[in-house]
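> The primary structure of each chain is shown beneath.
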Amino acid sequence: MQQLFNFFIRNKTFVLFLLLLSCALSFTIRSHEYHRSKFIHSSNQITGSIYGAFHGITQYINLKKENKLLLDENSQLKTLVFNRENLAKVDSLLESTYNLLPSLVYKNSFAVPNNYLTLNKGRNDHIKDEDGVITSKGIVGIIDKTSKNYSRVLSVLNTNSRINVKLKKTNHFGILSWDGKSPEITQLKDVQDLVKIAIGDTVVTSGYSSTFPANIPVGSIKSYRLNDTEDLYIIDIKLFNDMTNLEHVYIVKNTDINELKALNISDE
Amino acid sequence: MNNLVFINISRFVGLVLLQVIVCNNINFLGYINPNIYVLFILLYPVANNRLLFIFLSFLLGLSVDMFLDSGGTHAAASVTIAYIRPLFLKFSFGAVYEYHAVKFSKTDLTQRLIYFLILIFIHHFILFCLVVFDQNELLLIFKHTFYSSMFTLLLCLLLSSLFSNKET
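From first to last, the protein sequence lines stand for chains D and E.
Start counting the first sequence at 1; every next residue gets the next number (this note's numbering).
Start counting the second sequence at 1; every next residue gets the next number (this note's numbering).
Don't read these hints as lab results, they were simulated from the structure.
Since we're looking at a predicted model, the values are computed, not measured.
Fair warning: there could be bad hints in the mix.
Derived lysine to aspartate or glutamate pairs resembling EDC-like cross-links, with alpha carbons at most 20 Å apart [as the list claims (entries may be wrong)]:
| hint | chain 1 | residue 1 | chain 2 | residue 2 |
| --- | --- | --- | --- | --- |
| 1 | D | Lys181 | E | Asp134 |
| 2 | D | Lys64 | D | Glu130 |
| 3 | D | Lys181 | E | Asp108 |
| 4 | E | Lys143 | D | Asp179 |
| 5 | D | Lys145 | D | Asp129 |
| 6 | D | Lys168 | D | Asp201 |
| 7 | D | Lys145 | D | Glu130 |
| 8 | D | Lys222 | D | Asp256 |
| 9 | D | Lys222 | D | Glu247 |
On the chain D side, residues computed to face chain E include the following (Cβ under 7 Å) [stated by the list, open to error]:
| hint | residue |
| --- | --- |
| 10 | Leu16 |
| 11 | Phe17 |
| 12 | Leu20 |
| 13 | Phe54 |
| 14 | Ala111 |
| 15 | Val112 |
| 16 | Tyr116 |
| 17 | Asn120 |
Every residue, glycine too, gets a C-beta built ideally from N, C-alpha and C.
Only chain E is shown next, with the shape it has when bound in the complex (with noise of 0.2 Å):
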């Protein structure tokens, strides 16, 4: 029990200062950034204190905003996938969800791409929206969600392959 609460206060740390420190200077083509903290939100334990964990990713994405001059744009695309996340875990891993028995170190790649692009697509159009306030440029909001989502899909299977599979 304390491993697991240790574990996640390390990755919500660690993950927040990576964003920040590293990964917001990246700006591929100019503009295109990786969001790797939504990591965080992405593993999280499946049985949860929802309430818990809502209120935890609300501050996942309001540290990074605290770092980005952002406003509340990460923390609000944060509690968006944190609510939504248990319909998008029962939908790409069926019945085994309903047990609550998903490990995600155990689970196939091709179940966890489809889990991690949905809930990565979600929460970037929702911070696109939020930094672009303009429905003008509906084109420009459409295109960084698509590139930066790939580039963090990218990044978050590589960084959970690399940590998860201790058993294997």
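Just chain D, same shape as in the assembly (with noise of 0.2 Å):
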């Protein structure tokens, strides 16, 4: 025992070495395999505040740019609002509602496997894990921690996000994920391969998750193969959002969502 004791105590600087970078690793192991250490995000109030006060500096830079997103984004609006009104009201397929939220990217990622943006609404604005997030581009991912005041979004361009997309012209349906490589490119798995797909159609998200509601634009396709056992495709979309240069976003809450689940839970 006495021995053991003075192991530790003549080699203390290694015994803390080890202890810190086993620390360390188990917290990056954990945020692989979507265990979220609940400290260590950056939406907590500490640099979620940080970086709320130096975008209060940087966001002039891109004024000019994002009024411009803007207005156009206004008249597209504007142009569908006119037109409806000539047309008898369409009932949606889903009878659930959405109610849209803007909000401002803090800070965002594209480089890395993993990449998350942080937001600056939070629980006092009634977010919750598992809404969806979409500029009027495309989508940009799901909530998935959130504090008071900020929030974090798990971004399409990260390796552990599963998104429910289908094609505009067939609805045929797969699972959008990220290979890690290109922040323009994005795979579209489980189509198959008996589905005539022609470079250029457009996907958007299908609507089955109660997350983001149906026929958003997602992007086009840009290519396609065959995977290993021939018998469903692989198509690359090239994403509607330039994800490096988000600004202004719409958080999308489902307020029916809690029927949705428990409906769900009673089914299986």
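Join these two chains into a complex; the hints should help.
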């Protein structure tokens, strides 16, 4: 026993090093496996507020570009509204209603295999985990962690991200994931090889998960190939959104989500 | 004594802020970012309480990790170079290290360059190995390590000569 203590005391620096190294490694491995450590993420109060403070300074640089984007989006939406007044009210396929909350991106990343964004809305604004995040051009990701005033988004550019999308033309659906290579190209898997697809076809959200409403644009087909077992396609989708340059996003809140979840549980 | 503690604390805070606000948004050629916070570990006083030093570098890496959502990757790399630093101090500065008489502002450029280069390279290699946790992508790891180390080395040399040569 005494020998053991002496050993520890003689090698105290080595022991401390091993201890801290294993702590750090365990944090890393946990974040690879979807077990998130509660404090070490970029949306807690301290990190969120520092990002917020510096964002207040840097936002002035992008004002001109952001204003132009918002004006374009406004004109698109106004066109839709004016045209719709002439048609009868169209019932949506889904009975759930979605509310949109605008929010600013405080921090983004796109060069590492697992990318996250930090937004300036949190639990105080009624944001919950698994709310979707979109922009006027396409999807951004899904909220995975919230604190009181900030939240973290699992970007679509993340090897753990799985989003249910469908081909607009034929309604065949598959899972959108990312292989970590290019910030413009994501991969759509699980589409049968009997489906006729063409380069340039649009891919939209399927609406099968309660995270995103249906028919939100995602991207267009850039190329496709068969997988190893030669019965499914792996399709490269070029995203409509420029993920390197996000400033204003909308958080999609599904007001019927509790009802939908309860329904799913009772089915299984 | 108080002056030294104050200098080190302000270096710690200043480097972490500089790293997360400025350096991580550079994305040179799409993916290269300098990791300037290692300067804290490189320029920490030579005569030190080793336990405290390893703990401080763990905190340094962990603070950067908190801002970047990278798990514990920066913390692991920082702790490793803090642990092996004495070995490379001895290697690059020779006998002067034995007497705890190395003052970084008074060292030769070549010696300082070698010391920075080796520690920065090891730090970045461990960092990118942990970020890209895949042995099939070894080429990608080496590419990222090489370019990021060059960028970090350049910035570290610049910053260290800006702030340390007040005597001359």
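> So if I understand the rule, the pair passes when the alpha-carbon distance is 20 Å or less; does E:Lys143 with D:Asp179 pass?
holds, 18 Å
> Taking only the CA atoms, is the gap from D:Lys145 to D:Asp129 under or equal to 20 Å?
Measuring from Cα to Cα gives roughly 6 Å; hence the hint holds.
> Using Cβ atoms only, decide whether D:Phe17 comes closer than 7 Å to chain E, and label the hint accordingly.
This hint holds: D:Phe17 lies near chain E, its Cβ roughly 4 Å from the closest one there, short of 7 Å.
> Is the straight-line distance between the alpha-carbon of D:Lys222 and that of D:Glu247 20 Å or less?
Violated. D:Lys222 to D:Glu247 sits at ~26 Å, over the 20 Å cutoff.
> Do the numbers back the hint for D:Tyr116, that is, is its least Cβ distance to chain E under 7 Å?
Hint on D:Tyr116: holds, closest Cβ of chain E at ~4 Å, below 7 Å.
> Going by Cβ atoms only, is D:Leu20 closer than 7 Å to chain E?
holds, 4 Å
> At a threshold of 7 Å, is the proposed contact between D:Leu16 and chain E supported by beta-carbon distances?
This hint holds: D:Leu16 lies near chain E, its Cβ roughly 6 Å from the closest one there, short of 7 Å.
> Given the proposed pairing of D:Lys181 with E:Asp108, does the C-alpha separation stay at or below 20 Å?
violated, 42 Å
> If you draw a straight line from the CA of D:Lys145 to the CA of D:Glu130, is it 20 Å or shorter?
With a Cα-Cα distance of about 9 Å, the restraint between D:Lys145 and D:Glu130 holds, given a limit of 20 Å.
> Holds or violated: D:Lys181 and E:Asp134, Cα atoms, limit 20 Å.
It holds: about 13 Å lies between the C-alpha atoms, which stays within 20 Å.
> When the nearest CB of chain E is found for D:Phe54, is that gap smaller than 7 Å?
At about 5 Å, which falls below the 7 Å cut-off, the nearest Cβ of chain E leaves the hint on D:Phe54 intact, so it holds.
> So, as I understand it, the hint says D:Val112 touches chain E; can you test that by seeing if any CB pair is closer than 7 Å?
holds, 6 Å
Hint compliance for this structure: hints 2, 3, 8, 9, 17 are not met, and every other hint is.
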